[in-house]
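A.B. asks: Each chain is listed here by its residues.
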Amino acid sequence: MRKYYLLLLFVSIYSCTVFANNHSPKNNPNLPQANAGLQLPAGFTAITVAEGVGRARHIAISPQGTIFYKSSRLVNGKGIFQLIDKNGDGIADSVFGFGNYIGTGIAIKNGYLYASSDEEVFRYKLDAKGNVINPSQPEKIITGLINRHQHESKSIALDNAGNLYVNIGAYSNSCQVNDRTLHSPGRKPCPVLDSAGGIWQFKADKLNQTYGNGIHYAMGLRNVVGLDWNNQTNTLFVMQHGRDQLHDNWPEYFDEKSSAELPAECMYELHKGDNCGWPYIYYDPMQHKKMIAPEFGGDGKQSTTDYNNPVIAFPAHLAPNALMFYTGNQFPEKYKNGAFIAFHGSWNRAPLPQQGYYVVFVPFKNGKPTGKWEIFANGFSGKDVIESTRQADHRPCGLAQAPDGSLYVTDDVKGTIYKISYKK
Amino acid sequence: MIKKIVTGVSILAMAIMVLSFNQNQVSASIARGKQVYNKVCLSCHMIDGGGVPNINPPLAQSSYVVGDKKRIIAIVLNGMTDRIAIDDEYYSNNMAPHSDLTDEEIADVLTYVRNSFGNKASVVTVAEVKVVRSMKK
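Each protein sequence line maps, in turn, to chains L and B.
Residue 436 is where the first sequence starts when you use the working numbering, and the numbers rise one by one after that.
Residue 34 is where the second sequence starts when you use the working numbering, and the numbers rise one by one after that.
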């Protein structure tokens with residue numbers, strides 16, 4: 436009998452050890468991970484400051500440090516959220532929701548918070564503390580923008596001369612007669628371009644503007660989600676989402692591999708009247724050339740010198756959802772005036788593995804990218820390999836700089852808000 | 034008595050043969066359907082049928098996929114741009130018509146998706162596809 440007790444004791448001690456091992460911090464997903472699960476350059480740290488409310492798209496931070504983000508899904512009827520941090524420990528205790536519309540765009544300029552739905556742009560006056568004075572009664576600045584669901588988000592940026600820029604994405608992949616259909620030819624001239632597939636400029640302080648009041652600032656941009664005003668060059672920079680489905684629709688010219696690697700995701704510096712060439716061309720990052728799209732007679736080999744050149748090109752389909760020039764003093768000198776880009780992560784690389792799901796840094800000098808881009812923050816997806824986009828735990832979508840120079844990153848899968856800081 | 038047993042056994046054997054023949058046909062249809070899926074549908078609906086959040090709906094755990102067969106046959110033939118809620122979510126992409134696929138290819142691919150990614154539902158037959166295709170005209 437005694438033997439049995441000993442055995443029992445032994446077994447229970449053994450299972451306790453196994454149990455304990457299984458719940459060590461490394462294996463337990465419920466315990467906080469170092470740097471909120473992100474990999475960062477030396478000297479940088481990350482924490483999660485909020486989690487779980489809505490699908491956090493773009494984010495804006497006032498000079499006073501109040502933080503707002505736009506959600507693409509309503510939570511209790513609200514689509515804009517302000518982080519509330521009563522004890523001042525830098526981590527939100529709760530969120531304050533307002534704005535009864537979904538959307539992506541949000542920005543702060545000259546004492547106003549601007550936010551977009553997928554058809555309109557509103558603004559809210561901020562008080563001296565950076566809080567919204569009248570959350571339920573915004574001013575409607577822009578109305579009646581096209582939303583045909585595909586590429587529907589209306590990202591916004593403001594310059595220093597009282598203008599607001601809105602992306603109106605093309606409701607089409609490549610302006611085919613039948614969208615995304617095998618061998619369907621392109622429409623020339625592309626009728627989408629009169630009211631979408633470009634950037635429009637409006638006044639930041641005039642009510643109820645629509646197409647007739649705005650300036651068709653730049654055309655031939657399929658869909659821009661990330662854009663930012665560069666205060667050094669005084670110009671607008673945008674990141675285009677390049678076209679999809681070269682192999683699906685034109686298998687005789689593109690195999691699955693080339694379709695996964697074409698076309699580049701491009702950064703453009705825009706001036707009024709620019710044309711970046713969508714849908715007629717796409718950019719080949721290996722050949723560094725603007726190629727004629729197959730819908731318009733191209734065969735993967737014919738190039739053209741027409742249209743704007745990108746200032747820098749990135750791998751295909753990574754989905755650049757935010758662009759932000761860093762003007763803070765907290766990060767090391769090399770980051771000053773350079774660009775951060777949040778790559779939401781791909782879907783159109785299948786059957787090859789997906790890529791992206793990271794924040795990139797592009798060094799700039801005198802308003803031009805210098806040298807190579809590098810991955811700045813990685814690990815959002817929580818997986819080594821993503822075969823199917825839904826496997827990503829988090830997808831970076833928005834970027835904002837806080838008054839102290841730290842960088843905030845949003846995630847629209849779980850509504851996580853990350854804060855990245857640097858200490859010498 | 035012996036006669037009865039022999040008849041009983043042979044009927045049983047025939048029934049098993051018919052059933053397994055059907056089962057073989059179903060597996061063959063699923064195998065062909067997988068090839069159609071990989072070529073035509075995978076790029077949007079993904080290798081695991083998970084779709085792409087907010088862009089392309091999942092076929093895994095989709096009430097559409099395991100629901101009314103006529104409806105999904107029509108979706109493959111005519112495409113889908115309805116933007117209606119699919120299991121409480123909205124998707125922004127356009128699905129193109131795939132009426133260039135043969136009746137058999139459509140039956141196969143739908144039989145495949147109805148029996149993959151955790152789905153379990155009855156087969157889609159060529160005859161059922163024919164009916165929906167003729168309604169379109």
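One thing to keep in mind: the hints can contain errors.
What the hints assert, rightly or not - With a straight-line cut-off of 30 Å between C-alpha atoms, the simulated DSS-like cross-links for lysine-lysine are: (1) L:Lys692 - B:Lys67; (2) L:Lys692 - B:Lys36; (3) B:Lys72 - B:Lys103.
These are computed hints drawn from the structure, not numbers from a lab.
A.B. asks: Against which earlier hints does the structure fall short, listed by number upward?
C.D. replies: Hint 2 contradicted; others consistent.
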